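**Q** Read off the chains here:
Number of protein chains: 2
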Amino acid sequence: MRQRSQSPGSAYFYYPRLVCVIGARDDEKATANFAPVTWATPLSCEPPLFGACVSPSTRTHHLVLKTGEFTLSFLGMAEASLVDTLGRLSGSQVDKVKALELVLEPGEVATTPSLAAAYARAECILVDRHQCGDQTLLVGELQRVRVAAEAYDVQGVLRLDRISPLLYLGGNRYVTTDPTSESRPESRGDR
Amino acid sequence: MRQRSQSPGSAYFYYPRLVCVIGARDDEKATANFAPVTWATPLSCEPPLFGACVSPSTRTHHLVLKTGEFTLSFLGMAEASLVDTLGRLSGSQVDKVKALELVLEPGEVATTPSLAAAYARAECILVDRHQCGDQTLLVGELQRVRVAAEAYDVQGVLRLDRISPLLYLGGNRYVTTDPTSESRPESRGDR
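For the record, the sequence lines run as chains B and S.
To convert, note that position 171 of the first sequence is 171 in this note's numbering; the numbers rise steadily by one, no gaps.
In this note's numbering, each residue's number is its place in the second sequence (first place is 1) plus 191.
No lab work stands behind these hints, which were simulated from the structure alone.
Accuracy of the hints is not assured; some may be wrong.
Said to hold, decoys possible - Computed spacing ranges between beta-carbons, pair by pair:
id	chain 1	residue 1	chain 2	residue 2	range
1	S	E219	B	V103	40 to 46 Å
2	S	N363	B	R162	18 to 24 Å
3	S	E292	B	K29	58 to 64 Å
4	S	R193	B	Q131	37 to 43 Å
Unchecked claim - Far from chain S, by Cβ distances over 10 Å, these chain B residues were calculated:
id	residue
5	S57
6	K66
7	D84
8	V145
Being a predicted model, the structure only gives us computed values, none of them experimental.
Every residue gets a Cβ at the ideal spot worked out from N, C-alpha and C, and that includes glycine.
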């Protein structure tokens with residue numbers, strides 16, 4: 001394979017990545033703010049922790065630190081345009097809920113809403129944060145997960161024949177999975 | 192959308208996720224160890240940081256802390272079986288390089304090799320670590336990124352018509368992207 005070597009930062013080599021939308025309660029403006037994040041990952045099984053990178057300059061960062069909680073909303077490919085818009089607007093300047101007529105779901109445990117359009121939603125309590133270069137890794141403990149009843153199979157695996165998860169590819173482009181490519185490999189050495 | 196509420200941990204709601212294989216030098220055994228990780232994320236642009244969750248009980252954890260460096264290898268869908276096997280074998284018990292006849296690429300900056308089969312590889316120096324529940328988030332500063340010359344377009348975006356990135360879906364299942372689904376949405380409110 002012909003290769004090229006390059007400095008870090010010049011390629012989106014770590015994409016595609018699943019998009020999740022972080023929700024934060026904005027008491028001051030009597031609304032909530034929603035921002036798409038792809039630099040995010042589960043961090044622990046026990047306790048169940050999930051981390052999301054947020055720039056300290058954002059309204060989301062300010063709100064999560066203030067309220068001590070956040071929600072995660074996972075959306076399908078059909079919501080690419082909405083997600084893109086959420087990423088372009090600033091919660092400091094615009095009430096995104098109002099401007100985009102977002103339909104919200106109230107929290108069951110937390111008091112921060114999530115997006116009704118999501119096929120999976122989680123409520124998190126902020127339990128820790130780590131400064132990582134120019135971002136803050138917000139560490140949330142998962143309190144409750146709500147999923148569309150038809151979205152997952154009995155093993156808890158996403159049904160790609162029913163849900164087309166939204167993945168970010170870099171450069172303002174989005175993509176989803178190919179359900180026909182799904183495979184359960186036979187490990188080398190399996191008999 | 193009919194919903195069900197559930198305790199965290201009972202659904203793979205945060206999948207699919209891009210697979211990356213962490214490489215660590217094993218001086219003691221004069222080999223290297225490779226383990227697939229999906230709980231991983233970029234953490235910062237400047238400096239360029241990448242974080243990967245590793246259980247403290249693993250050989251990878253031991254080796255990365257000892258050597259202070261690790262590599263990342265991103266593989267295509269065709270390597271699902273290899274990745275699955277790398278995840279099943281323990282580096283404490285087996286020399287995976289030997290057992291699986293892995294072809295390695297030496298590092299350019301670090302001295303830890305990566306997998307030659309990868310379409311993208313990165314070399315990281317361990318700069319920090321955070322205990323997150325039952326995992327350690329290893330924080331690496333990206334030193335060098337090497338990519339297959341044909342894998343990315345001029346904007347640095349992965350060419351899905353050429354590369355089928357390997358995504359983990361949970362439950363021992365893998366999937367890749369659908370290149371025909373790629374879109375660059377027009378933001379709501381764009382004129």
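**Q** Run every hint past the structure and note whether it holds.
**A** Hint by hint, here is what the structure shows:
Remark: the range hint 40 to 46 Å for S/E219 to B/V103 is contradicted by a beta-carbon distance near 57 Å. Between S/N363 and B/R162 the beta carbon distance is about 20 Å. The supplied range of 18 to 24 Å therefore holds. Range check, S/E292 to B/K29: about 60 Å between beta-carbon atoms, so the 58 to 64 Å window is met. Separated by about 41 Å at the C-beta atoms, S/R193 and B/Q131 satisfy the suggested range of 37 to 43 Å.
Listed as outside the interface, B/S57 is consistent with that label: its C-beta sits roughly 13 Å from the nearest C-beta of chain S, beyond the 10 Å cut-off. At roughly 23 Å, the least C-beta separation between B/K66 and chain S is larger than 10 Å, which holds for a residue marked as non-interface. At roughly 5 Å from the closest C-beta of chain S, the C-beta of B/D84 falls inside 10 Å, breaking its exclusion from the interface. With 10 Å as the threshold on Cβ separation, the claim that B/V145 sits away from chain S is violated: the shortest Cβ distance comes to roughly 5 Å.
Hints 1, 7 and 8, counting from the list given before, are not met by this structure.
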